[in-house]
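Peer 1: These protein sequences, in sequence, are chains A and B. For the first sequence, the positions run 258 to 659 when this note's numbering is used. For the second sequence, the positions run 258 to 659 when this note's numbering is used.
Treat the hints with caution; some may be incorrect.
All copies of an identical chain are treated as equivalent in the list; a pair is satisfied when it fits inside any one copy or across any two copies.
[To be verified] Okay, derived cross-link-like pairs now, DSS-like style, lysine-lysine, Cα gap no bigger than 27 Å in a straight line:
| # | residue 1 | residue 2 |
| --- | --- | --- |
| 1 | K575 | K281 |
| 2 | K585 | K279 |
| 3 | K510 | K585 |
| 4 | K505 | K639 |
In short, the hints are calculated from the structure, not lab data.
2 protein chains.
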Amino acid sequence: MIQIAVLGYGTVGSGVVEVIEKNKAMVNEKAADELNIKYILDLREFPGDKYEHKVVHDVNMIMEDEEISIICETMGGVGAAYEFTKMALERGKSVCTSNKELVATHGPELLEIAHAHNCNYLFEASVGGGIPIIRPLNYSLTAEVIESISGILNGTTNYILTKMEKEGASFDAVLRKAQEKGYAERKPEADIEGYDTCRKVAILSSLMLGKTVDYKKIYTEGITRISYGDILYAKETGRTIKLLGLSKRMGDKVFAMVAPFMIGQENPLHMVEGVFNAVCVRGNMLGDSMYYGQGAGKLPTASAVVSDVIDCARHLGKVIMCFWSREKAELVNMGEVEHKFFLRVKPSACEALEMMFKDCKKIEIPGRGEDVGYFTESMKEKDFADRCALLGEAVLGRIRVE
Amino acid sequence: MIQIAVLGYGTVGSGVVEVIEKNKAMVNEKAADELNIKYILDLREFPGDKYEHKVVHDVNMIMEDEEISIICETMGGVGAAYEFTKMALERGKSVCTSNKELVATHGPELLEIAHAHNCNYLFEASVGGGIPIIRPLNYSLTAEVIESISGILNGTTNYILTKMEKEGASFDAVLRKAQEKGYAERKPEADIEGYDTCRKVAILSSLMLGKTVDYKKIYTEGITRISYGDILYAKETGRTIKLLGLSKRMGDKVFAMVAPFMIGQENPLHMVEGVFNAVCVRGNMLGDSMYYGQGAGKLPTASAVVSDVIDCARHLGKVIMCFWSREKAELVNMGEVEHKFFLRVKPSACEALEMMFKDCKKIEIPGRGEDVGYFTESMKEKDFADRCALLGEAVLGRIRVE
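Pulled out of the complex, with its shape left as it was, chain A reads as follows (with noise of 0.2 Å):
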């Protein structure tokens, strides 16, 4: 039998629990031994609980107990979880993770940890919920040099920018109805800013590199300025506005962003609607190949978890490989990056804005006498901002074209 804790009790917590009992016969085959947890360590008490004489709130009762081999960190932050984390790989406890920030923030030092005392730290959860992706990145995409990736990593600006789309809502009236529904939390801003996607770009990054990609370097857009005005011109030209987590090696540096982006049908991510995620990875050898699925939601992240936890169970003792050096990725200046880009202005600027963007494609919208749309030629960042502030508050609306 396979001792297990779990650390925190909130929603994927008890995910976890709830897929070991309920998917009991598989998971114990999989992982060719019985898996039990032991311990559920929380700060609360959960009176009536079917688990609640398993809570524990002292963590050293888990870390002092030998017979723990495997520990689900399910309590997300960078402070106490990234203490247990260590103190768990340093008594030689595997530890499966689906806290990204602490991934983001700490994952090759406590990989390095990991490995020297034999043992895992392993974060499926951590990017795209239950999707397989970090697995598929380590163990299935091993003969492609990886050219690129690129992702809806949040599903909450998702559903979003869908609800925006199919209903003709703006963006703070859709955010409200997503709050009142669970949907998205009281205080949005880690998704609506990007933040949330920028973490998981920064994971995807460094695995694609085998180097660290800083977070805190990548160039990070919300979707709080999209306005219905922009959807409307997306949707007139086929397109659907997505934001997007993007990583491209260039030369032996990387070009790295969070951003939304309008996107045409002939991208697969384009069908990518509602909770839903998608990543596409580029390779040399394969090309273009996706993985979608449910980004978020208790059961799918507690999925991949547990997946981890057999993982885990099936290695005991053993190192599982994992690329990713402490070594610091280069990224690419932003502002020498190129794109195409969609721009919404008043009617008042079309003539200075043709004479600025000499190749651009006007797009109007019949009976729409409030702005003028324009799909600029590939340039770089720079070059745009500099143009845009030109044009100072006639501009309505700016997005990047994939």
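Place chain B on chain A using the hints.
Peer 2: Then chain B, alone, in the frame of chain A:
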């Protein structure tokens, strides 16, 4: 250094050599050792080929060379490929293959032999070409009870259906063009009659259940009866026609089939066009996830074979888990399975049809006099077939609706 032999220097075999050569640094890093191709087995000579000096004609040279620890079987067929694979595994040499026919026919026996000799039989490339799907099923979705798998598993048929839809061309015309361009074989039966998809469904179903699904028992219908008329009605109702391979757990039995289906835009397979493949997996915790990419082609397929080689290299002397026993899975009787159906009939048959199919929905395309379309309610296959028989030659087209 790990010594490798490639059996069969055709499209995939030469791709394997190319991938190992081109991505040498990455491949060796991931394999944690240097991979070297020592022999290439083929009956032909390859004068002037860069690897001409590695070509041998006698398989015993490979089998008797104790240095060889991994073999890539890229010959195809179930004759010599079967014999050579058994010989290799019995000598403790791991085998990686793209040969779906052999895996579907002798998979569990070959897995048993491999495991008895502490080596591995891996077949990521046998389904979905370069798309990682076998490894996600075996290692990633381990916490799930897989409820169903559905996929577009053959690039040739998907290319033909996409072309028919986009160009309004007939099946025969598109097939001829595809043959000229090399997208379809000169003997296209394996693809267009669904046999290739059938083998792949058998493999996926077997991995889903851990038992053996006999491909000969899978109901298989190809795309040769699809006409542009059917496609018109699909378009008219926002649907598209795809050749699907399906497998569903039904109690302790399994339902598996291969047939063209009309699918709506809510199905993520809707957007899979041209030579692309995709596999949807429904798990009881994760819900739907999808794996998408190039399902065929030299380098994508070779990339999957090489990812298996890397896995074998990292597990020399160790058995990699794979749950697929010889125990036969029981298949549900086709006639008892329920579907909705699309029917296209001569206008003269409308009255009779509407009496037989009570709750059907009629679709008329303005200006089109030669046929009328109907969507039935969900009903048993055998009831549908019985009623169609009564309509006789008035039935111009019939397609299941997913």
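Peer 1: For every hint, state whether the structure bears it out.
Peer 2: Going down the list of hints, with the structure as the test:
no.	hint	result
1	K575 <-> K281	both (24 Å within a copy, 26 Å between copies)
2	K585 <-> K279	between (42 Å within a copy, 26 Å between copies)
3	K510 <-> K585	within (10 Å within a copy, 52 Å between copies)
4	K505 <-> K639	within (19 Å within a copy, 53 Å between copies)
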